[in-house]
Amino acid sequence: MMTADKKPLGLYVHIPFCAGKCIYCDFYSFRPGEESKEKYIEKICGDIKKSPYVFDTVYIGGGTPSYIGASALAGIIDCARVTPGAEITVECNPSDTGRKDTPFDFAALRSAGVNRISMGLQSAVDSERKALGRRAGRDEVLRAIERAHSAGIDNISLDLMLGIPSQTPETLRESLEFCVSSGAKHISAYILKIEEGTFLSEHTERYDIPGDDDAADMYLQTSDYLTGAGFVHYEISNFALPGYESRHNLKYWQGKDYLGIGPAAHSMIDGKRFYYERSIEKYLDGCPAVYEGEGNTAEEYLMLSLRLSPGFSLAEYEKKSGIKPGGKFTEKCREFARAGLAEFDGDTLRLNPRGFLVSNSIISSLMNLL
Amino acid sequence: MAFEKDNIRNFCIIAHIDHGKSTLADRLLEKTDSVALRDMTDQLLDDMELEKERGITIKAHAVTLNYKAKDGGEYLLNLIDTPGHVDFNYEVSRSLAACEGAILIVDATQGVEAQTLANTYLALDHDLEIVPVINKIDLASADPDRVAKEVEDVIGLDCSEAPRVSAKTGENVEEVLEQIVKFIPAPKADDSLPCRALIFDSVYDSYKGVIVYVRVKEGKIKPGDTMRLMATGAEFNVVETGYMRAQFPEPRSELCAGEVGYITASIKTVGDARVGDTVTTVNNPASEPLPGYRKVNPMVFCGIYPADGADYENLRDALDKLQLNDASLSYEPETSGALGFGFRCGFLGLLHLEIIQERLEREYDLDLVTTIPSVVYKINLSDGSQIEIDNPTHYPDPANIVSCEEPFTDAHIYSPSEYVGTIMDLCQERRGVFKNMDYITPDRVDIHYELPLNEIIYDFFDSLKSRTRGYASFDYEITEYRASKLVKLDVMLNGDVIDALSFIIHSDKAYSKARKIAEKLKDNIPRQMFEIPIQIAIGGKIIARETVKAMRKDVLAKCYGGDITRKKKLLEKQKEGKKRMRHFGTVEVPQEAFMAVLKLDDDS
Numbered sequence: 025m026m027t028a029d030k031k032p033l034g035l036y037v038h039i040p041f042c043a044g045k046c047i048y049c050d051f052y053s054f055r056p057g058e059e060s061k062e063k064y065i066e067k068i069c070g071d072i073k074k075s076p077y078v079f080d081t082v083y084i085g086g087g088t089p090s091y092i093g094a095s096a097l098a099g100i101i102d103c104a105r106v107t108p109g110a111e112i113t114v115e116c117n118p119s120d121t122g123r124k125d126t127p128f129d130f131a132a133l134r135s136a137g138v139n140r141i142s143m144g145l146q147s148a149v150d151s152e153r154k155a156l157g158r159r160a161g162r163d164e165v166l167r168a169i170e171r172a173h174s175a176g177i178d179n180i181s182l183d184l185m186l187g188i189p190s191q192t193p194e195t196l197r198e199s200l201e202f203c204v205s206s207g208a209k210h211i212s213a214y215i216l217k218i219e220e221g222t223f224l225s226e227h228t229e230r231y232d233i234p235g236d237d238d239a240a241d242m243y244l245q246t247s248d249y250l251t252g253a254g255f256v257h258y259e260i261s262n263f264a265l266p267g268y269e270s271r272h273n274l275k276y277w278q279g280k281d282y283l284g285i286g287p288a289a290h291s292m293i294d295g296k297r298f299y300y301e302r303s304i305e306k307y308l309d310g311c312p313a314v315y316e317g318e319g320n321t322a323e324e325y326l327m328l329s330l331r332l333s334p335g336f337s338l339a340e341y342e343k344k345s346g347i348k349p350g351g352k353f354t355e356k357c358r359e360f361a362r363a364g365l366a367e368f369d370g371d372t373l374r375l376n377p378r379g380f381l382v383s384n385s386i387i388s389s390l391m392n393l394l
Numbered sequence: 067m068a069f070e071k072d073n074i075r076n077f078c079i080i081a082h083i084d085h086g087k088s089t090l091a092d093r094l095l096e097k098t099d100s101v102a103l104r105d106m107t108d109q110l111l112d113d114m115e116l117e118k119e120r121g122i123t124i125k126a127h128a129v130t131l132n133y134k135a136k137d138g139g140e141y142l143l144n145l146i147d148t149p150g151h152v153d154f155n156y157e158v159s160r161s162l163a164a165c166e167g168a169i170l171i172v173d174a175t176q177g178v179e180a181q182t183l184a185n186t187y188l189a190l191d192h193d194l195e196i197v198p199v200i201n202k203i204d205l206a207s208a209d210p211d212r213v214a215k216e217v218e219d220v221i222g223l224d225c226s227e228a229p230r231v232s233a234k235t236g237e238n239v240e241e242v243l244e245q246i247v248k249f250i251p252a253p254k255a256d257d258s259l260p261c262r263a264l265i266f267d268s269v270y271d272s273y274k275g276v277i278v279y280v281r282v283k284e285g286k287i288k289p290g291d292t293m294r295l296m297a298t299g300a301e302f303n304v305v306e307t308g309y310m311r312a313q314f315p316e317p318r319s320e321l322c323a324g325e326v327g328y329i330t331a332s333i334k335t336v337g338d339a340r341v342g343d344t345v346t347t348v349n350n351p352a353s354e355p356l357p358g359y360r361k362v363n364p365m366v367f368c369g370i371y372p373a374d375g376a377d378y379e380n381l382r383d384a385l386d387k388l389q390l391n392d393a394s395l396s397y398e399p400e401t402s403g404a405l406g407f408g409f410r411c412g413f414l415g416l417l418h419l420e421i422i423q424e425r426l427e428r429e430y431d432l433d434l435v436t437t438i439p440s441v442v443y444k445i446n447l448s449d450g451s452q453i454e455i456d457n458p459t460h461y462p463d464p465a466n467i468v469s470c471e472e473p474f475t476d477a478h479i480y481s482p483s484e485y486v487g488t489i490m491d492l493c494q495e496r497r498g499v500f501k502n503m504d505y506i507t508p509d510r511v512d513i514h515y516e517l518p519l520n521e522i523i524y525d526f527f528d529s530l531k532s533r534t535r536g537y538a539s540f541d542y543e544i545t546e547y548r549a550s551k552l553v554k555l556d557v558m559l560n561g562d563v564i565d566a567l568s569f570i571i572h573s574d575k576a577y578s579k580a581r582k583i584a585e586k587l588k589d590n591i592p593r594q595m596f597e598i599p600i601q602i603a604i605g606g607k608i609i610a611r612e613t614v615k616a617m618r619k620d621v622l623a624k625c626y627g628g629d630i631t632r633k634k635k636l637l638e639k640q641k642e643g644k645k646r647m648r649h650f651g652t653v654e655v656p657q658e659a660f661m662a663v664l665k666l667d668d669d670s
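Chains as they are written, first to last, in the working numbering: chain A, 25 to 394; chain B, 67 to 670.
Heads up, some of the hints might be wrong.
Calculated cross-link-like contacts (lysine-lysine; reagent style DSSO-like; alpha-carbon spacing at most 27 Å) [said to hold, decoys possible]:
{"hint": "1", "chain 1": "B", "residue 1": "LYS633", "chain 2": "A", "residue 2": "LYS275"}
{"hint": "2", "chain 1": "B", "residue 1": "LYS639", "chain 2": "A", "residue 2": "LYS296"}
{"hint": "3", "chain 1": "B", "residue 1": "LYS607", "chain 2": "A", "residue 2": "LYS343"}
{"hint": "4", "chain 1": "A", "residue 1": "LYS217", "chain 2": "B", "residue 2": "LYS588"}
{"hint": "5", "chain 1": "B", "residue 1": "LYS615", "chain 2": "A", "residue 2": "LYS296"}
{"hint": "6", "chain 1": "B", "residue 1": "LYS624", "chain 2": "A", "residue 2": "LYS348"}
{"hint": "7", "chain 1": "A", "residue 1": "LYS352", "chain 2": "B", "residue 2": "LYS645"}
{"hint": "8", "chain 1": "B", "residue 1": "LYS633", "chain 2": "A", "residue 2": "LYS356"}
{"hint": "9", "chain 1": "A", "residue 1": "LYS280", "chain 2": "B", "residue 2": "LYS607"}
{"hint": "10", "chain 1": "B", "residue 1": "LYS644", "chain 2": "A", "residue 2": "LYS356"}
{"hint": "11", "chain 1": "B", "residue 1": "LYS635", "chain 2": "A", "residue 2": "LYS306"}
{"hint": "12", "chain 1": "A", "residue 1": "LYS344", "chain 2": "B", "residue 2": "LYS639"}
{"hint": "13", "chain 1": "B", "residue 1": "LYS634", "chain 2": "A", "residue 2": "LYS343"}
{"hint": "14", "chain 1": "B", "residue 1": "LYS607", "chain 2": "A", "residue 2": "LYS344"}
{"hint": "15", "chain 1": "A", "residue 1": "LYS344", "chain 2": "B", "residue 2": "LYS634"}
{"hint": "16", "chain 1": "B", "residue 1": "LYS624", "chain 2": "A", "residue 2": "LYS344"}
{"hint": "17", "chain 1": "A", "residue 1": "LYS275", "chain 2": "B", "residue 2": "LYS634"}
{"hint": "18", "chain 1": "B", "residue 1": "LYS615", "chain 2": "A", "residue 2": "LYS343"}
{"hint": "19", "chain 1": "A", "residue 1": "LYS348", "chain 2": "B", "residue 2": "LYS639"}
{"hint": "20", "chain 1": "A", "residue 1": "LYS348", "chain 2": "B", "residue 2": "LYS645"}
{"hint": "21", "chain 1": "A", "residue 1": "LYS352", "chain 2": "B", "residue 2": "LYS607"}
{"hint": "22", "chain 1": "B", "residue 1": "LYS634", "chain 2": "A", "residue 2": "LYS280"}
{"hint": "23", "chain 1": "A", "residue 1": "LYS280", "chain 2": "B", "residue 2": "LYS624"}
{"hint": "24", "chain 1": "A", "residue 1": "LYS45", "chain 2": "B", "residue 2": "LYS607"}
{"hint": "25", "chain 1": "B", "residue 1": "LYS641", "chain 2": "A", "residue 2": "LYS352"}
{"hint": "26", "chain 1": "B", "residue 1": "LYS634", "chain 2": "A", "residue 2": "LYS306"}
{"hint": "27", "chain 1": "B", "residue 1": "LYS607", "chain 2": "A", "residue 2": "LYS217"}
{"hint": "28", "chain 1": "A", "residue 1": "LYS296", "chain 2": "B", "residue 2": "LYS607"}
{"hint": "29", "chain 1": "A", "residue 1": "LYS296", "chain 2": "B", "residue 2": "LYS634"}
{"hint": "30", "chain 1": "B", "residue 1": "LYS644", "chain 2": "A", "residue 2": "LYS217"}
{"hint": "31", "chain 1": "B", "residue 1": "LYS624", "chain 2": "B", "residue 2": "LYS607"}
{"hint": "32", "chain 1": "B", "residue 1": "LYS644", "chain 2": "A", "residue 2": "LYS344"}
{"hint": "33", "chain 1": "B", "residue 1": "LYS634", "chain 2": "A", "residue 2": "LYS67"}
{"hint": "34", "chain 1": "B", "residue 1": "LYS635", "chain 2": "A", "residue 2": "LYS352"}
{"hint": "35", "chain 1": "B", "residue 1": "LYS607", "chain 2": "A", "residue 2": "LYS356"}
Derived from the structure by calculation, the hints contain no laboratory data.
Please model the complete structure; the sequences and the hints are all you need to start from.
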């Protein structure tokens with residue numbers, strides 16, 4: 025089946041492997057045996073080849089994609105039909121890609137078309153990184169960035185975590201300075217969420233975890249610092265130099281289609297949402313993705329658009345749902361604006377960083393008024 | 067056929083909570099073959115789910131057992147169960163009045179405790195023969211010798227022959243039956259007198275109408291008689307009389323003096339056959355009712371509202387049904403600016419309130435919001451009139467009030483003497499007026515106070531128990547209205563008065579109470595997107611304030627691998643949570659905040 029006339033979509037490939045588990049992580053990942061690693065790569069390559077789509081963004085995430093090595097990653101990307109100029113991102117762990125005596129073939133990734141690297145920095149303070157269970161230090165991060173740059177990949181995104189154990193406004197500032205001076209074009213700054221079942225959630229007493237108010241202050245500090253350095257705060261947790269917004273991740277927030285490959289990967293195809301269960305065995309056995317309902321609905325629009333800087337438009341909502349939000353809804357929007365959480369011009373509600381911080385409450389109150 | 071009166075024994079079991087009353091009752095049923103073993107579920111006598119969970123008996127029940135004693139005689143044993151809480155003291159007293167004797171259970175691992183004493187004194191007041199039983203001898207920590215001595219020392223009951231049993235394993239339970247036969251006197255009863263039967267309980271049954279549980283003191287009653295309830299004057303044709311067996315009623319051709327049984331007469335509501343009333347027959351009426359009847363009036367009132375306004379009719383239906391079986395529950399519709407449509411309900415006391423609330427929530431699956439309980443106040447207005455209010459919302463403008471009156475009680479607290487100081491502190495804090503103190507034994511006292519009822523309905527009993535490690539027991543009777551300096555406290559959130567949280571209080575306590583309410587609300591109102599001022603006012607004067615700071619962080623930072631559904635579910639849940647909140651202007655108040663204010667007590 026040829027699909028050249030079809031609109032291109034995003035491709036997400038999940039690599040559920042990690043050398044070890046970080047204390048905060050509840051993603052689907054584990055340390056694999058050599059045999060299952062190969063079987064798995066073979067299976068995803070087959071599934072990508074079988075898919076009838078053309079992709080304009082590819083994102084290989086995990087887990088730790090770099091754990092399987094550059095040539096295996098290049099092999100996976102080769103299986104996908106991509107449009108010219110497609111954004112192709114691979115998540116890299118500095119412990120795989122930045123160690124002094126272990127090379128990592130960024131050039132092979134570049135040749136396969138990779139033009140964006142997302143790297144888990146989390147913190148530029150080694151003691152904070154170590155407490156989180158990260159294996160590499162700040163030097164490895166710097167070396168990995170240099171290696172990617174010299175291979176011709178200059179679009180580097182760094183992940184930063186806020187509200188992690190022992191973090192203070194001073195140490196956060198150190199991390200922010202590091203991000204900006206490293207030449208990263210994109211920064212994802214996530215407030216630590218203590219997920220059930222993680223090591224952290226079961227041993228909170230061992231860690232000096234900043235409270236909600238402190239974490240909120242760190243978030244505002246991050247937004248202030250990065251926007252001051254020329255970054256655009258374009259999504260709740262994402263900052264980019266102009267033109268370097270993640271096109272792949274934007275698809276999630278803009279209700280666009282994407283195909284997810286691998287256990288625990290989610291898809292939206294023709295406005296319908298699917299997911300693979302969190303089991304590599306089931307995935308290898310060929311269990312099909314599970315349907316989980318309609319996507320890109322008017323309600324999703326409310327929920328997702330408020331994560332983004334352009335915000336939520338009443339006219340757009342009316343177009344999607346056929347329903348014009350009532351006076352109570354607009355009054356609530358005005359209330360949020362008066363409280364200094366958002367801007368509202370009568371049609372568009374845009375949350376500011378303070379509003380982003382309480383976006384769950386804002387969205388759920390607005391949902392009750394639709 | 068009447069049973070040989072000399073072979074009838076009417077008795078109840080009294081015990082402190084958890085000393086094994088229901089378990090022993092079950093064992094007695096089993097030993098008398100009243101229940102086949104396979105039909106035994108634990109604690110047959112407590113048949114309401116709530117009773118099982120709380121481990122207390124809420125309403126009295128009765129059961130008739132046949133027992134062949136070692137002396138060769140066939141005995142008819144009537145076991146009358148009793149509720150165990152001050153809210154139901156009147157019911158207890160009526161159950162005791164139906165008996166000649168009582169089994170007093172004492173836990174061999176615990177010894178004499180508050181209700182052991184209180185119930186023993188109640189039983190002695192009714193001239194009952196008391197058979198002490200030491201229970202739980204199967205437990206490793208049991209010390210029956212010590213406990214037996216304690217019963218002798220503290221209560222003054224001879225325990226030399228007290229059976230030492232394990233109701234759990236059944237060990238020695240037959241000895242209890244033997245002692246019932248041996249020590250509890252047979253009823254003194256005369257069939258030839260006009261009928262006088264004491265109602266000690268009544269239960270609504272959808273097929274038979276009200277089932278009236280009686281102890282026939284004198285005379286007889288049988289189907290076909292016209293019965294008259296001497297307090298209300300209501301008359302009904304008796305349809306059926308009989309014994310209550312453990313699992314079924316056993317119709318009998320008549321009930322005679324000395325017997326315990328049931329009467330049905332197509333009576334529509336339990337309000338027509340009130341506990342304590344005397345049943346007589348119209349063709350040979352008694353001239354005087356049995357002593358001790360009083361109409362039980364609700365003393366504590368509160369508003370009960372459905373959390374979801376759409377459940378208003380369901381709430382009404384549920385209250386209708388509960389009232390069929392509970393003559394002391396009253397209710398009428400009311401509306402609140404904050405809570406919408408609901409009912410003003412009247413209860414015997416705070417436990418009664420909690421039980422009704424739990425039954426509404428559990429058996430009728432209703433989500434409720436309950437306002438702060440209130441007593442009935444009398445208010446004298448400047449135009450010379452007097453009004454009674456049980457709802458703070460109706461409190462008149464203070465400018466028009468000449469004086470206020472509140473109900474007072476005559477209260478007795480029984481306690482080991484070492485707790486006298488702490489009990490007197492508590493009573494002083496609760497605006498009590500000390501009357502006198504009697505030493506019942508060298509180390510046991512009866513402390514007599516006059517206490518305002520509105521000080522009792524806020525967790526007084528719980529405070530008393532915690533201050534005396536459970537050893538004190540408490541009984542009260544409402545006596546009169548007295549002039550009192552009362553004020554109404556209003557709670558304001560973000561400047562708006564929340565009518566459902568207003569309440570009436572003595573002016574001396576207004577400031578400290580206001581501060582506590584403000585703190586409780588602050589602790590129980592979740593942070594919201596805006597700062598919320600909490601203010602407590604008397605009239606226009608703010609006497610306490612707190613602030614709920616604005617929420618800073620409520621965000622799902624990361625959506626993993628395009629997993630939008632997870633976020634959607636979380637927001638849906640949050641949205642539903644918000645729907646269940648009460649909205650006051652822009653402020654959302656969870657039900658727990660109401661509950662926290664409701665539960666407010668002086669020790670917290």
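Practice prompt. Could you grab the alpha-carbon distance between LYS607/B and LYS356/A and see if it respects the 27 Å cut-off?
Written response: violated (31 Å)
Worksheet item: Can the restraint linking LYS352/A and LYS645/B be considered satisfied, given a maximum Cα separation of 27 Å?
Response: holds (15 Å)
Practice prompt. Given the hint that LYS634/B pairs with LYS280/A, test it: the Cα-Cα distance must not exceed 27 Å.
Written response: Since the Cα atoms of LYS634/B and LYS280/A sit roughly 16 Å apart, the hinted pair holds (cutoff 27 Å).
Worksheet item: Has the given pair, LYS296/A with LYS607/B, been kept, meaning a C-alpha gap of at most 27 Å?
Response: Distance of about 59 Å is beyond 27 Å: violated.
Item to complete: Please work out if LYS624/B and LYS344/A have their alpha carbons no farther apart than 27 Å.
Response: The hint holds at about 26 Å.
Worksheet item: Holds or violated: LYS348/A with LYS639/B, Cα cutoff 27 Å?
Response: holds (24 Å)
Worksheet item: Taking 27 Å as the top limit, are the C-alpha atoms of LYS348/A and LYS645/B close enough?
Response: holds (21 Å)
Item to complete: Could you grab the alpha-carbon distance between LYS633/B and LYS356/A and see if it respects the 27 Å cut-off?
Response: holds (22 Å)
Worksheet item: Holds or violated: are the alpha carbons of LYS352/A and LYS607/B at most 27 Å from each other?
Response: Outside the cut-off at roughly 33 Å; violated.
Worksheet item: CA of LYS635/B to CA of LYS306/A, is that 27 Å or under?
Response: Roughly 24 Å separates the two Cα atoms, so the pair holds.
Discussion item. For LYS634/B and LYS343/A, compute the direct alpha-carbon distance and say whether it is at most 27 Å.
Written reply: At roughly 21 Å apart (the allowed maximum being 27 Å), LYS343/A and LYS634/B satisfy the hint.
Item to complete: Sort out whether LYS634/B lies within 27 Å of LYS296/A, counting only the CA atoms.
Response: holds (14 Å)
Violation of the numbered hints given earlier is confined to hints 3, 5, 6, 9, 14, 18, 21, 24, 27, 28, 31, 33 and 35; the remaining hints are satisfied by the structure.
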